[in-house]
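Given the structure of chain V, go ahead and fit chain U onto it with the hints provided.
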Amino acid sequence: GAVVSQHPSWVICKSGTSVKIECRSLDFQATTMFWYRQFPKQSLMLMATSNEGSKATYEQGVEKDKFLINHASLTLSTLTVTSAHPEDSSFYICSARDLVASSYEQYFGPGTRLTVT
Amino acid sequence: AQSVSQHNHHVILSEAASLELGCNYSYGGTVNLFWYVQYPGQHLQLLLKYFSGDPLVKGIKGFEAEFIKSKFSFNLRKPSVQWSDTAEYFCAVKGAGTALIFGKGTTLSVSS
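These protein sequence lines map, in sequence, to chains V and U.
Using my numbering, read the first sequence as starting at 1 and increasing by one per residue.
Using my numbering, read the second sequence as starting at 1 and increasing by one per residue.
Extracted from the complex, chain V is given alone in its bound form:
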């Protein structure tokens, strides 16, 4: 089945530093990847839609200069949290849509827990 990986699975960083999270589709190509944020015991909030070779589309209220998204290839998208602050601490989840499959099913990564101290 389709597998999406994320790296790292857990990261702790100091306030003011930047953190990069990778999302990879391991056995399929994904023109579109999505980045979500999940707070404890809450739903997934879509942050942005990432399309290979073009700029990401951010949801209302998401700071594009703070959450930099790059989708340089059909199997890799990265989310960089710049100048992280404690309020950015959260669980970040990516998902990818199979280029070949006709369905709109998305495959989710295991998530990255970010803790900013």
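Source of the hints: derived by calculation from the structure; they are not laboratory data.
Any given hint could turn out to be false.
What the hints assert, rightly or not - Cross-link-like lysine-lysine pairs, in silico, DSS-like; alpha carbons within 25 Å at most:
(1) Lys41(V) with Lys61(U)
(2) Lys55(V) with Lys20(V)
(3) Lys104(U) with Lys41(V)
(4) Lys104(U) with Lys71(U)
(5) Lys104(U) with Lys61(U)
(6) Lys49(U) with Lys61(U)
(7) Lys14(V) with Lys66(V)
(8) Lys49(U) with Lys41(V)
(9) Lys58(U) with Lys69(U)
Stated by the list, open to error - Rough simulated footprint, nothing fancy, chain V against chain U, three-plus residues with beta-carbon under 8 Å:
(10) 32-44
(11) 101-108
Stated by the list, open to error - Here are some of the chain V residues that sit facing chain U, going by a computed Cβ distance under 8 Å:
(12) Gln29
(13) Thr32
(14) Phe34
(15) Pro40
(16) Gln42
(17) Ser43
(18) Leu44
(19) Leu46
(20) Thr49
(21) Gly53
(22) Glu105
(23) Phe108
(24) Gly109
For every residue, glycine included, the Cβ atom is placed at its ideal position computed from N, Cα and C.
Okay, now just chain U, sitting in the frame of chain V:
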């Protein structure tokens, strides 16, 4: 704007009890509907999906859901839950855009 509402925040059941989790969405056009499950410490997994055709959809692990267009609903059901069904359940809809919009989730706790 599209939205998804899940009526139950936390459901507590005993093993063998029947389960129904409510999900309503707001979007007047063609929708694709999904139920995802997140077991403790694990990532989201697809339980079932509806795109078209038979409104009664069967998924994995004995789950099923019924799409009722007139009610904008896509409720999840299971006739007899097991302790291993303890998890967070999310309803999601894909409408006009490509992204999925998720409901707030329902925590299911099953006691043995």
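**Message:** Given Gly53(V) as an interface hint, is its Cβ closer than 8 Å to any Cβ of chain U?
**Reply:** 15 Å, violated
**Asked** Is the hinted pair Lys14(V) and Lys66(V) satisfied, with a Cα-Cα distance of at most 25 Å?
**Response** 15 Å, holds
**Request:** Would you settle whether the hint for Leu44(V) is holds or violated, based on the nearest Cβ-Cβ distance to chain U being less than 8 Å?
**Result:** 5 Å, holds
**Request:** Could you check if Ser43(V) really has its C-beta closer than 8 Å to a C-beta on chain U?
**Result:** 4 Å, holds
**Message:** Hint validation: Leu46(V) versus chain U, beta carbon distance must be below 8 Å. Holds or violated?
**Reply:** Leu46(V) check passes; min Cβ-Cβ to chain U is 5 Å, inside 8 Å.
**Pro40(V) as an interface hint toward chain U, with CB separation required under 8 Å** = 11 Å, violated
**Prompt:** Within a Cα-Cα threshold of 25 Å, do Lys55(V) and Lys20(V) meet the stated pairing?
**Reply:** 17 Å, holds
**Request:** Tell me if chain V covers the segment 32-44 of chain U under the three-residue, 8 Å CB rule, please?
**Result:** With 6 residues closer than 8 Å to chain V, the segment 32-44 of chain U meets the three-residue bar; holds.
**Asked** Within a Cα-Cα threshold of 25 Å, do Lys49(U) and Lys61(U) meet the stated pairing?
**Response** Distance ~14 Å between Lys49(U) and Lys61(U) Cα, so the pair holds.
**Request:** Would you mind confirming whether the straight-line C-alpha gap from Lys104(U) to Lys61(U) stays at or under 25 Å?
**Result:** 22 Å, holds
**Asked** With a cut-off of 8 Å, does the beta carbon of Gly109(V) approach a beta carbon of chain U closely enough for the hint to hold?
**Response** With a minimum Cβ separation of about 6 Å from chain U (threshold 8 Å), the hint on Gly109(V) holds.
**Prompt:** Holds or violated: Thr49(V) as interface residue toward chain U, Cβ cutoff 8 Å?
**Reply:** 5 Å, holds
Of the numbered hints given earlier, the model fails hints 12, 15 and 21; all others are met.
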